[in-house]
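Participant: Generate coordinates for the entire structure from the input sequences, incorporating the hints supplied.
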Amino acid sequence: GVQTCALPISRKKELAMSSEKQNSIKIALISRKGGVGKSALAREFAFFMRDKYDDCVPITLYDCDPRGAQEEVVIAPPFDIVSVEPSDNIPLNNEGISVYDFASEPDKRLKKVIQEVDLVVIPFQPAIDSIIRTIDTFSFVVPHNDQILMICNMYIHINDVETSKSELEGLLGDKGIQTELWVLPIKQYTGIRSVENEGGSVLARFKKGGIYSRSFRPICSEIDKIVSESIAVIEDSRRVQSEKKEVLNVN
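According to my numbering, the sequence shown is numbered sequentially starting from -18.
Read the hints as simulated data drawn from the structure, not as lab findings.
There's no promise every hint is true.
Said to hold, decoys possible - Derived BS3-like pairs: lysine-lysine, alpha-carbon spacing no greater than 27 Å straight-line: (1) 189 x 168; (2) 156 x 146; (3) 93 x 14; (4) 189 x 206; (5) 189 x -6.
To be verified - Beta-carbon label-pair distances, calculated as ranges: (6) 159 x 189: 43 to 51 Å; (7) 36 x 175: 23 to 31 Å; (8) 108 x 191: 32 to 40 Å; (9) 214 x -5: 16 to 24 Å.
Glycine included, C-beta positions come from ideal geometry on N, C-alpha and C.
Facilitator: Below is the structure:
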């Protein structure tokens, strides 16, 4: 696991050049169950990406939730926030890093976004109502994109994570979807709600040092692992696609 978080590094990452992907990373967070921490996680992805990548790499959080208020709640963000109205097209051709935060309600634009992004993140809580709605979300996503990260958010006991994963896989199997889910956990921490309600980031709290550093180090480590593994999976997928393309060109 990740032992440290947000420590100084000698050189931040630069986005690998790719003519097909236009030098970009696109991640969408969706769930048909409200209250699972999706919007807060979207913010964290943007904050942690900013911490990992060179400052010249543009990062944009697209608030696609009609009731969303990312622009209002995040104070002085180190990335751009764009509110996308329900009648607007969602930008998909931009360079840099794009994080898309969707509402739990159906959105006719969602299918195209899912097809275009590098990774779909589906947060859920280890509770039966959340698991049932998560099955609906996964079933909608998987025909259009197989790069799916499930985040078991706000678990209390670590056994709940594996139990939830088994329940999800079993229920998906009943629907004819045989798969081994990629699930990463975030524990329920004291103080996390206050950060979410203020529209801030656990990373920002961690960087304050002192008691904040000690209090927020565990959750920072968990989110840092999630973001790092997400980047690694996206890069591996692109490498495989590039190798396949080279083979086809040779043949």
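Participant: If a hint holds in the structure, say so; if it doesn't, say that too.
Facilitator: Going through the hints against the structure:
Straight-line distance between C-alpha atoms of residue 189 and residue 168 comes to about 21 Å, which keeps the hinted pair within the 27 Å bound. A distance of roughly 16 Å separates the Cα atoms of residue 156 and residue 146; the hinted pair therefore holds under the 27 Å criterion. The hinted pair formed by residue 93 and residue 14 meets the criterion: a straight-line CA distance of about 20 Å does not exceed 27 Å. Using a Cα cut-off of 27 Å, the hinted pair residue 189 and residue 206 holds, with the two alpha carbons roughly 20 Å apart.
Between residue 189 and residue -6 the CA atoms are separated by roughly 23 Å; this keeps the pair inside 27 Å, and the hint holds. About 46 Å separates the C-beta atoms of residue 159 and residue 189, a value consistent with the hinted range of 43 to 51 Å. The beta-carbon spacing between residue 36 and residue 175, approximately 29 Å, falls within the hinted interval of 23 to 31 Å. For the pair residue 108 and residue 191, the supplied restraint of 32 to 40 Å holds, since their beta-carbon distance comes to about 34 Å.
For the hinted restraint 16 to 24 Å between residue 214 and residue -5, the CB-CB distance of approximately 18 Å keeps it satisfied.
Checked against the numbered hints given earlier, this structure breaks none of them.
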